[in-house]
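With the hints as your guide, set chains S and R onto chain Z.
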Amino acid sequence: MLSVKDLAVSFQTRRGSVDAVRGISFELEKGEILGIVGESGSGKSVTSYALMRILDVGGTIKSGEAVYSGVDLRRVAEKTMRDIRGREISMIFQNPRAALNPIRKVGHQIEDVLRRHAKATRYTAREKAIEALEAVKIRDAVARYDAYPFELSGGMCQRIVIAIALACDPRLLIADEPTTGLDITTQKAVMDLVSELIRAREMSSILITHDLGLAAQYCDRIMVMKDGGIVEQGDPVELFSNPQHSYTRKLVDATPREGESIRSLLPPEDRKPELPHDVSEDALLDVRNLTKTYRGKSGPVHAVKNISFTVKRGQSVGLVGESGCGKSTTSEMLVRLMDATAGEILFDGVDIAAMPAAAFAKNSRRGDIQMVFQDATDSLNPRHTARHTIAEPLQRLGQMGGSELSTRIEELAGLVGLPATLLDRFPHQLSGGQKARVGIARAIALEPKFLILDEPTAALDVSIQAVVLNLLMDLRAKLGMSYLFVSHDLHVVRLLCDHVVVMKAGEIVEQGPTLQVMSNPQEPYTKELLSAAPKPPARRIVA
Amino acid sequence: MSDASIKSAAKSSGGLDHLIYVLRANPVTMLAFCMFALIILAAVFGPSLVPYDPLATNAANALQAPSLAHWFGTDSVGRDVFSRVIVATRLDLSISVAAVALSFVVGSVLGSVAGYWGGWLDAVLNRVLDTIMAFPLFVLAMGIVAALGNTIENIIYATAIINVPFYARLVRAEVNIRRDSGFARAAKLSGNSDIRVLAMHIFPNALPPMMVQVSLNLGWAILNAAGLSFIGLGVRPPTAEWGIMVAEGANFIVSGEWWLAVFPGLTLMIAVFTFNLLGDGLRDIVDPRQRT
Amino acid sequence: MATANTYPRLRAVMMRIAQSIPVVVGVVVISFLLTRALPGDPAAYFAGAAADEASIEEIRVALGLDKPLIQQFFIYVGDLLQGDLGQSISSGQSVAADLAKRLPASLELTLTALIVSCGIAIPLGVLAATQPGSWIDHLCRVVVTAGVSLPTFFTGIVLIYVFYYLLGIAPSPLGRLDFIYIEPDRVTGFYLIDAAVVGDWETWLGALKQLVLPAVTLALFTLAPIARMTRAAMLTALSSDFIRTAKAAGLTNRKVLYGYAFRNALLPVVTTLGMVFSFALGANVLVEKVFAWPGIGSYAVEALVVSDYAAVQGFVLAMALLFVLLNLIIDLAYTAIDPRIGFASK
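Residue numbers (the working numbering), protein chains in the order written: chain Z, 1 to 543; chain S, 1 to 292; chain R, 1 to 346.
In isolation and in its complexed conformation, chain Z is listed as follows (with noise of 0.2 angstroms):
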């Protein structure tokens, strides 16, 4: 049904000519759901934009063809391109709600293109829409003709977006990462909305992502790109019991599943034993009825419920939740950037909750709590070097100066791994990896007792946060850390953490032992949760 031969795309950029994707041919059966999976900057985007001939200003579709039904995607008229768009072949994308046009009503959005391919006329037109929204399964669809995209919820919103791409019934329809931004449950619903309406369709699809779970589960075949290329395809059970290209296998290794080490996320070659971490008896941290109330435009937000848990020395737990939860206010308020409303923070048996947030900078337990945080990028001052971020809670805090402030400096950044050569870099000038580096070496400088580690891979590309993961549990054992783990993503909380608290509206709905709650998780939500994640297949036998 699509047949793509040698397409390369390149972008003219102020660096001259840079090459996108070089060359790739692969084919569509009819009724078929192919994944294409590669990390950030594969060319897996563009390749789907080049299709649809939608390319962002300067790229070009250098050479190949895209033959669609006999059509040739990259010679036919602008024209007939247009028709084909909507009609033929759709495309969803992710970010669902900047997606749709903000000053419009959803219901005449998809009038817009329902009118455009002559599907309905003026007078069908409210009728066939609201059908389009039923499809979508969107309940009160005819009150939701009427909304804007402000007044939804990012799932509704890529409901309306699946529904406009698929209301004029197009025969292959491309989902841009659709899932990214949205929570793990909101994730699973529409993911099952696609393929559903896919296959009752009989349609086919491309779906592009970064995650390979998710691509296998879904997907018929997967093909994994990098640098524009194809490096391999296949079967997703086939591709991820046996491997066959290096990158490939590196990929399906850093990929979190049941059952497995956080050791197993790298290469065997970097395999090292794990270091042992003791965990003793007595609380570090004892958090209990903690409550935080906001002042909202209509009554009182409460964003933390009267939370209670531990942390025990050397302990690490993790903090789940969806997002709007509470996970993040809590570690605020942990780390003493938020003042609480109302309970107690005893951190090594004294009430840190007692001082005021802004006092606590001065506070000569500021170095026993650190944190790491959700985005590397934003976390470094873009002025600042590499060194000098490092430096500054030395000096701030630790009144170090001198030689032996660049001595420790430099310990640090052999501790994270982090060359020294990169030392008096600034951040836009180091990979995303590297800063994550940077961010990590700064929080454990004064090496705390307790660490806050507020998603810190959430940005990352698996391959890297694979590395970054282990590189954080070399590091607990070494320097005796306990930590907080905060996350949405139960497999990887599952690889780090000792203990689990589960969040939902501000509340903890349980929590336990990682292993337990994992394996035999008591409250629904958990449940949702747990079944809400992908599963990739099993991984190939180590021989």
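Read the hints as simulated data drawn from the structure, not as lab findings.
The C-beta atom is built at its ideal place from N, Cα and C for all residues, glycine as well.
Among the clues, some could well be false.
Stated by the list, open to error - Only pairs whose alpha carbons sit at most 20 angstroms apart, straight line, appear in this in silico DMTMM-like list of lysine to aspartate or glutamate:
hint : chain 1 : residue 1 : chain 2 : residue 2
1    : Z       : 297       : S       : 122
2    : R       : 101       : R       : 84
3    : Z       : 362       : S       : 194
4    : R       : 255       : Z       : 83
5    : Z       : 188       : Z       : 78
6    : Z       : 105       : R       : 241
7    : R       : 101       : R       : 185
8    : Z       : 478       : Z       : 411
9    : Z       : 250       : Z       : 235
10   : R       : 255       : Z       : 78
11   : R       : 255       : Z       : 56
12   : Z       : 478       : Z       : 498
To be verified - Negatives, chain S to chain R, calculated, CB over 10 angstroms:
hint : residue
13   : 121
14   : 211
15   : 239
Chains S and R in isolation, oriented as in the chain Z frame:
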């Protein structure tokens, strides 16, 4: 000691390459930098370079058209227009630089405080700025100068006051978006007090867009000051100033003595144009994506 | 859904109107402070140069200047509410009456200029954004950078020199109507409208001829910010994700450009109009002086020359109130375009 070593290391690489790249790729910005240098030269050395005394009258030589002896002609009392135009550079530039510097400082402090702490401070500041902005700005400047008295200092104060909202709002916005950024929070965890976080971490990051604003604003301040003296506020005759020279020349335009108004007017225009080009160029250097 | 949709928007409109009240209060306070900050002793000033101590004191009491500042403020507000802005020394009439008489002239000039500049700048900005790198894009860039550098008073003078002195196609730059025409009966005070109402097309044409040069001068000045904003807003809108969605759905170029991008781009443009009004009202003063246009701007300039402070302050206050009103209208227009108003979380 260690601070110094960190800073010296920080200076190299990156920025300069980019600057050279932008200047090469954009000859217009290059031109703007050259014209800027010329204006500065005229302001500093102008009075000692000009051929005639800008205030010396010569009734016998009045209203001469431009010639080799008088490049820009002479005015109604025989003063050399060229000399007056050049000498005026210093006055016009000083007024605008002083006004912009004042509003930069006041606006930065107010905007930083409001943007960082928010709350009632922010609300009060916003009300005050709203009130200032509720006046057509040139009209407010007229009112202020009329009320405070017709002097050059008051022109500076008036121009500064009407500029403060722009700086305060810009800084407020820039500080506000960085207030909860990861690096600001990380700085607090490193033991920095709020004021240190604001002054050492957040404010320096707001400087690049501020510099763009300064450049665009300098041009506007010159226009504003010239406009005020055009309607008879601030600078008084016979002082050489572009606005007042255009005003004097305006009376002769209907009888065809164009050079009296056109040369000071053109110079004024070129000066403002230079600052605007410079501002656009700086915007490119600071952030190529923001180009509009 | 419909009620939930209209109700908060109605409330947003009411809120916006209520918000202009503190601004008006602020404007009145500043105006009051400006009147009281007059150089020297206002009583001595109003008494005239020949007055002795006793008569100065008499005037001080008469003007209420012996009372505490707060009380003076309330007297000032009380006078304002009765429409009393004081007496003009030069014209001998009440400032309010003078301003009311001259206001239509200023409005006619400013509004004509703004309509002309919006009519040129918005299409120019849109075309420049949709055809980056084309000649129209370069033209837009030149207009934008040169336009903001033009001193209005200088542009006016150059236009007079070229079109009146050199080419002789423009009438002499003295006021709204050549003396050979008879002023149309005052209905709105806008000559173009008043002449049209009575069907006096000869006068209409005469008024138009007088209006062209000053309006063009002012339009040239306001062209730049509008064109710049339109281009920028249009570029931002065109690079938005929702434009990609619309393209991927196969919508026509026309629909994508005007139905989707332009309507979104209009929002920041409408916001900029407030700033443009501010510039235009300020530049209006200069243009009126250059063209001897009998509006409130030239009234203020004449008053400044003879130190007629009551007239100047009355003018400043009137301009501010006019501008507050214009901003209110702009914001209400914004509310009509943007469905998010009234729901905004921040």
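Results of checking the hints against the structure:
For the suggested pair residue 297 (chain Z) and residue 122 (chain S), the alpha carbons sit about 18 angstroms apart, so the restraint of at most 20 angstroms is met. The hinted pair formed by residue 101 (chain R) and residue 84 (chain R) meets the criterion: a straight-line CA distance of about 15 angstroms does not exceed 20 angstroms. A distance of roughly 11 angstroms separates the Cα atoms of residue 362 (chain Z) and residue 194 (chain S); the hinted pair therefore holds under the 20 angstroms criterion. Pair hint residue 255 (chain R) plus residue 83 (chain Z) holds up; C-alpha atoms about 14 angstroms apart against a cutoff of 20 angstroms.
For the given pair, residue 188 (chain Z) sits about 36 angstroms from residue 78 (chain Z) by alpha-carbon distance, which is inconsistent with the 20 angstroms threshold. Note on residue 105 (chain Z) and residue 241 (chain R): the hinted pairing holds, with a Cα-Cα distance of about 16 angstroms set against a maximum of 20 angstroms. This hinted pair checks out: residue 101 (chain R) and residue 185 (chain R) have alpha carbons roughly 13 angstroms apart, not beyond 20 angstroms. Distance restraint check for residue 478 (chain Z) and residue 411 (chain Z): the Cα-Cα separation of roughly 14 angstroms lies within the 20 angstroms cut-off, and the hinted pair is therefore satisfied.
With a C-alpha separation of about 17 angstroms, the suggested pair residue 250 (chain Z) and residue 235 (chain Z) falls inside the 20 angstroms cut-off, and the hint holds. A distance of roughly 15 angstroms separates the Cα atoms of residue 255 (chain R) and residue 78 (chain Z); the hinted pair therefore holds under the 20 angstroms criterion. Between the alpha carbons of residue 255 (chain R) and residue 56 (chain Z) the distance comes to roughly 19 angstroms, so the proposed pair stays at or under 20 angstroms and holds. Proposed proximity of residue 478 (chain Z) and residue 498 (chain Z) is supported: the alpha carbons are some 17 angstroms apart, at most 20 angstroms.
With a closest Cβ-Cβ approach of about 17 angstroms to chain R, residue 121 (chain S) is found to remain outside the 10 angstroms limit, as its non-interface label requires. At roughly 18 angstroms from the closest C-beta of chain R, the C-beta of residue 211 (chain S) stays outside 10 angstroms, upholding its exclusion from the interface. The non-interface label for residue 239 (chain S) is consistent with chain R: the shortest C-beta to C-beta separation is roughly 17 angstroms, beyond 10 angstroms.
Violated hints amount to a single one, hint 5; each of the other numbered hints is respected by the structure.
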